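With chain A's structure known, arrange chains B, C and D with the ligands on it following the hints.
Order-wise, the sequence lines are chains A, B, C and D.
Using the numbering used here, you'd call the opening residue of the first sequence number 1 and step up by one each time.
Using the numbering used here, you'd call the opening residue of the second sequence number 1 and step up by one each time.
Using the numbering used here, you'd call the opening residue of the third sequence number 1 and step up by one each time.
Using the numbering used here, you'd call the opening residue of the fourth sequence number 1 and step up by one each time.
These aren't lab readings, by the way, just hints derived from the structure by calculation.
Check before you lean on any hint, since a few could be wrong.
[Unchecked claim] Interface residues of chain C toward chain D, partial, derived using beta-carbon atoms under 7 Å: (1) P9; (2) L12; (3) A16; (4) L22; (5) G151; (6) A213; (7) D214; (8) S268; (9) R279.
[Stated by the list, open to error] Going by beta-carbon spacing under 8 Å, a handful of chain C positions derived as facing chain B: (10) G76; (11) N106; (12) H201.
[As the list claims (entries may be wrong)] Here are the computed distance ranges between Cβ atoms for each label pair: (13) D:T177 x A:A59: 40 to 46 Å; (14) A:A118 x D:A142: 24 to 30 Å; (15) D:E249 x C:P235: 46 to 52 Å; (16) A:D62 x D:R322: 50 to 56 Å; (17) C:S229 x D:S229: 41 to 47 Å; (18) D:P9 x C:S229: 24 to 30 Å; (19) C:G97 x B:A61: 24 to 30 Å; (20) A:D40 x D:E249: 33 to 39 Å; (21) C:P235 x A:T22: 31 to 37 Å; (22) B:V178 x C:G203: 20 to 26 Å; (23) D:D125 x C:S229: 54 to 60 Å; (24) C:P9 x D:G256: 35 to 41 Å.
It should be emphasised that the depicted structure is a prediction, and the values quoted were computed from it without experimental measurement.
Built from N, CA and C at the ideal position, the CB exists for glycine as well.
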Amino acid sequence: MNARDTALDPGFGERWTRAMITAFVAEADRLGELDRLAGDGDFGRNLTSAFGRVSQEVAAADPTTYAAWLTCVSRGFLGTGGTSGPLFGMFFRELARCADGDEPTVAELGQGLAAGLATVQRYGKAEVGHKTMVDALAPAVDALTSSGGSLRDAAEAADEGARSTAEIIARRGRASYVGEASRGVLDPGAVAMAMVLALAADAAG
Amino acid sequence: MNARDTALDPGFGERWTRAMITAFVAEADRLGELDRLAGDGDFGRNLTSAFGRVSQEVAAADPTTYAAWLTCVSRGFLGTGGTSGPLFGMFFRELARCADGDEPTVAELGQGLAAGLATVQRYGKAEVGHKTMVDALAPAVDALTSSGGSLRDAAEAADEGARSTAEIIARRGRASYVGEASRGVLDPGAVAMAMVLALAADAAG
Amino acid sequence: MRRSLVNDPDDLVVEALEGLALAHPTLVRYDAEHGFVARATPARDKVGLVSGGGSGHEPLHAGFVGHGMLDVAVPGAVFASPTALQLYDATRAADAGRGVLHIVKNYTGDVINFTVARELADEDDDIATEVVLVDDDLATEADDDDPDAPGRRGTAAVVAVEKICGAAAEEGADLGTLAELGRRVAGRARSMAFAIEAGTHPGDSRPAFDLEADEVELGVGIHGERGRSRVPFGPADELVARLVDPLLEALRPARGSGVIAIVNGLGSTYPLELRAAARAVHRGVTGRGVGVDRFLVGSYVTSLDMHGVSVTLLPSDDELLRLWDAPVRTPALTW
Amino acid sequence: MRRSLVNDPDDLVVEALEGLALAHPTLVRYDAEHGFVARATPARDKVGLVSGGGSGHEPLHAGFVGHGMLDVAVPGAVFASPTALQLYDATRAADAGRGVLHIVKNYTGDVINFTVARELADEDDDIATEVVLVDDDLATEADDDDPDAPGRRGTAAVVAVEKICGAAAEEGADLGTLAELGRRVAGRARSMAFAIEAGTHPGDSRPAFDLEADEVELGVGIHGERGRSRVPFGPADELVARLVDPLLEALRPARGSGVIAIVNGLGSTYPLELRAAARAVHRGVTGRGVGVDRFLVGSYVTSLDMHGVSVTLLPSDDELLRLWDAPVRTPALTW
Ligand SMILES: Nc1ncnc2c1ncn2[C@@H]1O[C@H](COP(=O)(O)OP(=O)(O)O)[C@@H](O)[C@H]1O
Ligand SMILES: Nc1ncnc2c1ncn2[C@@H]1O[C@H](COP(=O)(O)OP(=O)(O)O)[C@@H](O)[C@H]1O
Ligand SMILES: [Mg+2]
Ligand SMILES: [Mg+2]
Ligand SMILES: [Mg+2]
Ligand SMILES: [Mg+2]
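Bound-form chain A, shown alone (with noise of 0.2 Å):
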């Protein structure tokens, strides 16, 4: 059997969302300067408010299962606004739906994250080259699905996806009604993409 088809190790959903909490909460500044660079400002608020309700979401639920783990933190985002909540919100729903067993195996991992960026890309009509999440994600599901790759290969391919929102201006959300002067600055979903897939790959082990 494939080490894709093996379920990760118990305890991944909880991991994965407890760093994220963590890591989120401590970035939630500098991803929302980016935001007011190049964008409205309020993307750091977005995210603080989205990891705070996950903490309560996660206090209330009291979740044992990934998927109860993963659903705390869709509804977090689902629970806030801007337009990164509710898109967020749709693509942790897909990854929670992911999993057949207590916790996912990377190849449904990776149909999760395909799905997630179906259903971002539904909502936000974004393609790559956009300057959104989606630059991020789309090479996150290339490498875990078409190209076989780890889920550290993943997390890779997103970092690289997140750098390249620099160099092009914004076509979607309130950053492109900025135009040139998004250019030299990185999409602050993106990275954020960017971290929740390395985070995922940490989680992993």
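Coordinates of chains B, C and D with the ligands only, in the frame set by chain A:
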């Protein structure tokens, strides 16, 4: 039969009314200026508007009797704002009612003026010395009734009363709000009332 | 810099009355010749209710013409009393054979002109009339007993008087009963207001008075006049307490009793502000163990675009609540 | 200098919702846990109507909850969409077994969050939903055919959609019929607005944008964004014509046909101004041989204390008029 009990010359009501229209339209600015110095400045506009309405009433009613002419004057004032509108309006209403025949006798005019004074005081609660139209009207009534004088005597008493308002501070009307600042300024309502009486004496011939 | 949306400021009142009638053709009509607003369909066999006063306080009074409230409303120019003749014509129009009740806010010009109108209606037309004088503004309560003092101003309690007397008139109450009822409401109700910005006369480019950034005008009236004092600007709850506390102090409603409360915007107060102020009023009143039996929140008695709030408290009883709840159908108040 | 009557600006929306519920306890309740306003007594056996959007536009939408209009209204923060979860919870609350209609003003955030809510309601609760997108603002009609253009903004026509669909829902219309009806109304209605002063965010001391004394912002939206152009300040009738003319140009109603017209104050427009503007709109429309069948004049869809007016024209027909006239009983609209 005493001259006081002889009706005034035919056309007295019309002559008096027409003279008031002419005189007050001409003097409105000067009287308004007094209200500006110690009041709220609208007396000139109120007079213009009142006599505009008087002219309309005359055109509409085509008066033939003294009572009908004076009713036009009354209605002109009753259709006008300010404190002076209703006070002069009810004053002229009493005057309109004072005659039994087509034109009043001097005695009837005296009774009309006395009734007018009573009405003004009932509404306005002003005494002599409060710096209002009463300061001109009260001495005129006195001259014509208790002292048995002529219309000309009454007009002179009114004029003297109006002049006396320069030295006092207002206790009624908008001018009472400005306190000491009203000293030295003639009360426009008293001056107007004195004009009314002078024009009556002229019209009586 | 302030600007108004007007053509010639002198035409504003008449144009607005035309607009009101066009907006509510089934409820009211504007009689341009006589200068009043009357019900589109005159009521029959009831006492007529007439109110009026200067314009600039909309929707007062014309917005309250209709079933369950006024029969005729008589607007003057901005902040100026209607004339005696307007009020006389309105009184004749409102009479359906059972007499006419005048509801008058306590301002010298209004009082005189309404009185003249009643005298004319009585002498010339033999119409029975009564008057209810509304003088609810606590800010103008005389400190001494100067017999010449004009007394408390009439402000938002007039809405309660019009609503409650309007309902009783619809039920068939006679003139004397209505006058007594109206006086009972007016006698009990007290109001108080503050402004964080004065109103601006149409056509003017500056508000009627200036306030510093840290000042609030307490005890303002509705004609651009200054208030009784200036207090520091602060959170809405604190400012609202400066209205509610003296009102409760003056009325001393018993614990367990209830009031009809009116939280009224003065012109440009926007709904978020007004609703938050309503919450503060509710907490202030119920915090003293007094119930808010009925609660009217909106901009009903304004002063052009003044930015501020007035609070009116009217101790209630079963009869007042019943009449308050009775159906009403006017441009500005319908239930 | 501008000031608002607030406590902490972050608490304003919630305090105002509490105030609204205290003022209208028989009509609405505020569900603080889920962040929506619902009817005090839920309706049975009808399609549920849900609308929502950023706050700052009061009385929209919570002021339209009640018999004959909405079942649930969902407020976001000032000028920010409510969240998907709020809208999902509201959708569940509004469902009485016959499905739920979403009435959504066309703004990206609102559109996405409502869509997510419908997807959740469908997948997790098997609730049938439909959406009516309201995009009436003529000022934002795309000049070219950019497929990425966000399209016309949704403004005051949403009141007509809520009123008309609300009446039909009360009559028992099913979900599909309501969606079609709502789309018909939204598809026909067009609006346009101007401002002579921008609104001020609670807590800020300056309006969202500055205007010179001789300028008017034409084609403004309701979120403090600039308009489409600046035109010279002038008499109200001229400014109103700058709204009515392009609306008639776009709608081209036939002579002899009629419209439902909404003349809407944007926040601090005071009644004298608004009524005079209504008169100008009436003359503008009837001057082209088009009747004003129904006329709603008031401040219904605001932008904080913005000073200006929007005009909405909706070509009418017998069905729309019948539904417009049907009884409604909400905090902000009752007949
Ligand atoms: N249409 C879209 N599709 C995908 N992602 C988007 C879209 N619009 C914005 N985003 C992402 O959302 C991020 C901004 O989120 P946030 O600040 O919460 O939203 P808003 O733009 O509404 O203020 C952007 O950095 C971008 O990555
Ligand atoms: N209470 C009163 N009794 C008698 N006359 C009065 C009274 N109040 C004012 N007046 C007269 O009215 C005149 C002012 O009239 P006008 O300017 O029309 O009224 P307002 O004071 O309301 O502006 C005063 O000059 C005074 O003579
Ligand atoms: Mg943002
Ligand atoms: Mg944003
Ligand atoms: Mg004067
Ligand atoms: Mg005056």
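- Go through the numbered hints given earlier and state which of them the structure violates, listing their numbers in rising order. 1, 5, 7, 11 and 12
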